[in-house]
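The listed protein sequences correspond, in order, to chains A and B. Mapping to the numbering used here: the first sequence position 303 is 303, numbers consecutive. To convert a position in the second sequence, counted from 1, into the numbering used here, add 394.
No lab work stands behind these hints: they were computed from the structure. Among these hints, one or two may not hold up.
[Unchecked claim] Calculated lysine-lysine pairs in the BS3-like style (CA-CA distance at most 27 Å, straight line):
| id | chain 1 | residue 1 | chain 2 | residue 2 |
| --- | --- | --- | --- | --- |
| 1 | A | K101 | B | K612 |
| 2 | B | K551 | A | K30 |
| 3 | B | K582 | A | K104 |
| 4 | A | K105 | B | K530 |
| 5 | B | K629 | A | K137 |
| 6 | B | K554 | A | K268 |
| 7 | A | K30 | B | K629 |
| 8 | A | K105 | B | K554 |
| 9 | A | K12 | B | K530 |
| 10 | A | K30 | B | K460 |
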Amino acid sequence: MIQVNERGFYGKFGGAYIPEMLHPNIEELKGNYLRIINEPSFQKEFDQLLKDYVGRPTPLYFASRLSEKYQTNIYFKREDLCHTGAHKINNTIGQILLAKKLGKKRIIAETGAGQHGVATATVCALMGIECVVYMGKIDVARQKPNVERMKLLGATIVEAVSGSQTLKDATNDAMRDWINNPEDTHYIIGSVVGPHPYPDMVARFHSVISAEMKTQLKEKTGKENPDYVLACVGGGSNAIGAFYHFVDIPEVKLIGLEAGGLGVSSGKTAATLALGREGVLHGSRSLVIQTEDGQVIEPHSVSAGLDYPGIGPVHAYLYKSTKAAYYPITDSEAMYAGLECSRMEGIIPAIETAHALAYLPKMNAKPEETTIINLSGRGDKDLKTYIEWFGDKS
Amino acid sequence: MNRLDKLFSEKENILNIYFTAGYPKLEDTMHILEILQAAGADMVEIGMPYSDPVADGPTIQESNQKALDNGMTISVLFEQLAKLREKINIPVVLMGYINPVFQYGAERFLQKCADLGIDGTILPDLPAPEFEEELKPIYEKYHLHNVFLITPQTSEKRIKEVDRLSKGFIYMVSSNSITGAKSDIAQKQIAYFERINALQLKTPRLIGFGISNHETFKRACAYAEGAIIGSAFIKLLANSQDLEKDIAQFVKQVKGQV
Ligand SMILES: Cc1ncc(COP(=O)(O)O)c(C=O)c1O
């Protein structure tokens, strides 16, 4: 297991670099989150909703044709089968229950691709709580179906028009809203980013992924542990959920795949671990893609959910301490891996997820080894991108 | 003696004006400083622009973006301020987010500030424990002051902590909001100002956020050593055709000298 210290640091990464105006909100959360999520009544309600509403446990599926092709044993952890189509809802269920216990009447969230926005709008509808989702103006235009879903679920969408008008700016605007509404509002962050206690809290809500992996693998194969766990990394929430219970087991190799975009040295990339330097973004110290002067650079990825210039501090820590390894995957490698999975397993993965699948041809796993890929989401939202990419070839 | 300490020991009704370095034009920084001093501003706060200013509303966000597009960086700002103390004798503090300062190198940054005659910094997203452990000795070495913020939501325990750590003045944010949200001082805020006054803090205070004209400046001065104007001044810069004339008039109007 991986723990933050009292001030929210994993090694030198993390912390709470926030203006004083946010301090009371963060202090309230920090002072209460562990107590609340450890209460038996909270755990009971959380587990029940994960089971009956989200559809957990999600299956651990043996991908036989891909296993044969790559001459090894490949399992998918089917987070794509969660309600709303991605792992994101594990976190939003946890946070909405927490917000209720804190007596909050209004929820705000940021979203890039719209998956976290949809997962937040969904749990707000479930609980009858007002929901406001910040989304960059550019993302609103390129993620229309998810915008429509959020609206249908009753959420208000506010376009972020500042800066580069994408995910990082939506996050800025959500934080500004929280400063302006410190008493009745809870901010549901969508990944293991932001000031302490968010990275730790969000990681805990997703840790169910690796807890289930362990039991299911044992049931299916008799093995205690896989040899590899692969996951795509944007902010890093699905990856930390998949790594959580394996972090201190040295024989399990943990591999995160980040968005290389057009290539790490192309200037059009979101490969934060490959390119980022230490810095502060959205309240935590981590690695950040930035100019020499410390201005945050707008990243690029074909996948809106990985299009973020920072990364959760826990991954900066795992990377620097070599407890996990991270590699960039280009747009093109991811798109072909998504197509291959569709054709060989009958599963259309989210383009985010396809980044993890794209590591299969590169990893040279042995025939006796076992790899679990965290299939973080389904690709329905990405149909347009797939179709435009492959044109007649598909 | 640090110029801030001197100012606060000698004057009341202190007017501190914020503006963004390199805005509206890259080369305006020194020029605006000189006009402000001539017009009667008691001190100035120069904003170092940042791509992601989370505590700021649209007016200051836009000035930050424009300044960055103009090519402003910390290094450029330091070049522009090379002759600061040949021309300017009022206190000058630098305000900005912590990331660009970390990239420049905190010690190198503070050393440069001291060389140029800067008196202090306001770094809203620098947490107190990190300041105390990593940076306080460097501030002391260079005789620089770091200013902390309090808001109506800040607990009494924390206010005492801020009072212990603050040098120069405490930045008293008038309401729970980002900058430029509303321009007013309401009854609720007065209760907060009075509550803070009753604490008998050792550090003097300037009230900021919501101060835009003589009326709000005067009200703030009744409860603190002075006040800070930011967004209203940036709006003036954005619309001005004649900086010299408009700034002089603005400062006089705020101070009630017209
Ligand atoms: C399916 C899917 N996977 C992964 C991500 C990336 O987020 P994280 O790195 O927090 O798992 C997203 C984000 O939108 C997503 O929708």
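We went through each hint and held it up to the structure:
1. Proposed proximity of A:K101 and B:K612 is contradicted: the alpha carbons are some 43 Å apart, above 27 Å.
2. Of the supplied pair hints, the one linking B:K551 and A:K30 holds, its CA atoms being roughly 17 Å apart against a limit of 27 Å.
3. Annotation: proposed proximity of B:K582 to A:K104 holds, straight-line Cα distance about 22 Å (limit 27 Å).
4. Distance hint between A:K105 and B:K530 is unfulfilled; the C-alpha atoms sit about 40 Å from each other, more than 27 Å.
5. For the suggested pair B:K629 and A:K137, the alpha carbons sit about 24 Å apart, so the restraint of at most 27 Å is met.
6. Between B:K554 and A:K268, the direct Cα distance comes to roughly 47 Å. Violation of the 27 Å bound is thereby established for this hinted pair.
7. The hinted pair formed by A:K30 and B:K629 fails the criterion: a straight-line CA distance of about 38 Å is larger than 27 Å.
8. A threshold of 27 Å between alpha carbons decides the hint, and for A:K105 with B:K554 the separation of about 31 Å lies outside it, so the pair is violated.
9. Annotation: proposed proximity of A:K12 to B:K530 holds, straight-line Cα distance about 19 Å (limit 27 Å).
10. Pair hint A:K30 plus B:K460 does not hold up; C-alpha atoms about 36 Å apart against a cutoff of 27 Å.
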